[in-house]
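Undergrad: Sequence:
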Amino acid sequence: MKIGRLSLSLLLFSLILAIQTQAVERKYMGVRECDGCHGGGAVQYPNLVNSWQIWAQDDKHSRAYSDLVEKPLSKHIAGWMGLPLDQPASWSKCTVCHMVDVPKDLWGEKFDPTTEGVGCEACHGPAEDYLIPHKSQTYAQNLQVGLYDLKDIRTRARLCLECHAGLDHEIVAAGHPDLNFELFHFSFWQPPHWNYAEASPFSFWAIGQVAALEKTVKDLVRDSNLYQPNPVFQDKSCYNCHHKLDQDRWRQVEAHQTVVLPLIKNLLGEDRAQKLDRDLERIRQYAIDSLPSEDRTASLKGLGDRLTAGLVDDVSNALKTQPIDASFVRSLLIDLTQPIPETSDGLKPHLPLAWMVENFNDAEQVYLGIYSMIYAIRYY
Numbered sequence: 004m005k006i007g008r009l010s011l012s013l014l015l016f017s018l019i020l021a022i023q024t025q026a027v028e029r030k031y032m033g034v035r036e037c038d039g040c041h042g043g044g045a046v047q048y049p050n051l052v053n054s055w056q057i058w059a060q061d062d063k064h065s066r067a068y069s070d071l072v073e074k075p076l077s078k079h080i081a082g083w084m085g086l087p088l089d090q091p092a093s094w095s096k097c098t099v100c101h102m103v104d105v106p107k108d109l110w111g112e113k114f115d116p117t118t119e120g121v122g123c124e125a126c127h128g129p130a131e132d133y134l135i136p137h138k139s140q141t142y143a144q145n146l147q148v149g150l151y152d153l154k155d156i157r158t159r160a161r162l163c164l165e166c167h168a169g170l171d172h173e174i175v176a177a178g179h180p181d182l183n184f185e186l187f188h189f190s191f192w193q194p195p196h197w198n199y200a201e202a203s204p205f206s207f208w209a210i211g212q213v214a215a216l217e218k219t220v221k222d223l224v225r226d227s228n229l230y231q232p233n234p235v236f237q238d239k240s241c242y243n244c245h246h247k248l249d250q251d252r253w254r255q256v257e258a259h260q261t262v263v264l265p266l267i268k269n270l271l272g273e274d275r276a277q278k279l280d281r282d283l284e285r286i287r288q289y290a291i292d293s294l295p296s297e298d299r300t301a302s303l304k305g306l307g308d309r310l311t312a313g314l315v316d317d318v319s320n321a322l323k324t325q326p327i328d329a330s331f332v333r334s335l336l337i338d339l340t341q342p343i344p345e346t347s348d349g350l351k352p353h354l355p356l357a358w359m360v361e362n363f364n365d366a367e368q369v370y371l372g373i374y375s376m377i378y379a380i381r382y383y
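Going by my numbering, the sequence shown opens with residue 4, and the numbers climb by one from there.
By construction, these hints were calculated from the structure, which means they are not laboratory data.
Incorrect hints may appear among the rest.
Result set (DSS-like, lysine-lysine): computed pairs, CA atoms no more than 27 Å apart in a straight line [stated by the list, open to error]:
no.	residue 1	residue 2
1	Lys304	Lys323
2	Lys78	Lys107
3	Lys113	Lys138
4	Lys138	Lys154
5	Lys63	Lys30
6	Lys154	Lys30
7	Lys304	Lys96
8	Lys96	Lys138
9	Lys96	Lys78
10	Lys154	Lys323
11	Lys63	Lys78
12	Lys78	Lys154
13	Lys74	Lys154
14	Lys268	Lys278
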């Protein structure tokens with residue numbers, strides 16, 4: 004009898020797993036299924052009627068694949084990577100982010116990834132099951148049938164980071180422009196086709212930064228391969244190689260650490276910031292260890308998992324429960340621009356209160372942070 008129950012349980016589990024797996028494999032219907040309501044036809048949805056037009060006319064995502072095909076730089080990169088120049092749709096390392104690259108059995112009747120670039124469903128999710136009902140269903144109901152929850156800034160940031168962080172060394176060495184990420188700045192660089200009031204500028208910046216730190220730590224852990232004789236050169240920029248050759252893998256993490264630590268101090272407290280700083284220092288030491296081993300790689304992975312677990316959620320929850328106003332943002336801005344004492348040596352003049360950021364990636368994130376803070380103060 005016990006064996007029968009066990010067999011039945013396993014059968015039910017298999018059926019549930021099969022249903023769940025099948026539910027994930029939804030078809031992509033194509034941007035032409037969206038433009039009727041969101042592109043300028045009959046004004047059925049006044050708040051979003053122009054969203055397709057804005058994307059098609061002014062958003063660079065709509066030209067992601069055409070740029071890949073037409074720009075000389077793309078062919079230059081493909082040539083250095085040894086890719087067939089007359090078959091851009093086969094450049095899998097490129098198409099994964101320059102179009103909605105999914106198997107043909109998931110293509111809807113009007114879906115053609117080579118004509119729509121990074122289209123609606125790249126960010127909103129495959130529309131097979133929500134396309135028709137989302138006109139009358141609640142937002143929560145739409146989420147159950149495949150719509151991505153982009154109103155949650157955590158989801159939005161992580162989705163952006165899938166393509167806007169973590170280029171591998173082969174593409175960078177072939178000439179691809181370096182990637183950086185700051186959610187607030189980049190969200191408003193492209194003309195928004197969404198509601199401005201979905202979150203405050205400060206929330207965009209704060210959640211974007213901790214999500215980027217989470218992503219860069221995970222990329223570092225994933226690609227370190229510390230116990231292999233030849234390291235994998237991941238998460239680098241030009242400045243990482245054309246620079247002192249120490250701590251290269253660490254630099255992408257450090258760029259976001261520079262601004263996240265003041266954020267955590269002001270939002271979650273000094274103790275949490277100090278713990279994060281200590282954990283990141285341990286990760287740095289593991290990552291640059293000159294005598295790596297499989298055990299140390301496992302330790303690095305465990306430390307990375309613990310460090311990133313809950314960090315984005317904790318910041319998101321704090322933003323909802325704590326009063327964030329202009330005074331709070333000014334306090335953070337002061338910490339973000341705090342001078343760093345620098346003693347003189349034979350190569351530098353004496354700069355007792357020099358504001359020094361020697362790594363380009365750090366300087367970039369500090370600049371974007373200052374820009375975002377000033378904008379946030381005006382918002383409040």
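Undergrad: Does each hint hold? Answer for all of them.
TA: Hints versus structure:
no.: 1; hint: Lys304 x Lys323; result: violated (31 Å)
no.: 2; hint: Lys78 x Lys107; result: holds (25 Å)
no.: 3; hint: Lys113 x Lys138; result: holds (19 Å)
no.: 4; hint: Lys138 x Lys154; result: holds (17 Å)
no.: 5; hint: Lys63 x Lys30; result: holds (24 Å)
no.: 6; hint: Lys154 x Lys30; result: holds (22 Å)
no.: 7; hint: Lys304 x Lys96; result: holds (25 Å)
no.: 8; hint: Lys96 x Lys138; result: violated (36 Å)
no.: 9; hint: Lys96 x Lys78; result: holds (14 Å)
no.: 10; hint: Lys154 x Lys323; result: holds (14 Å)
no.: 11; hint: Lys63 x Lys78; result: holds (19 Å)
no.: 12; hint: Lys78 x Lys154; result: violated (37 Å)
no.: 13; hint: Lys74 x Lys154; result: violated (34 Å)
no.: 14; hint: Lys268 x Lys278; result: holds (10 Å)
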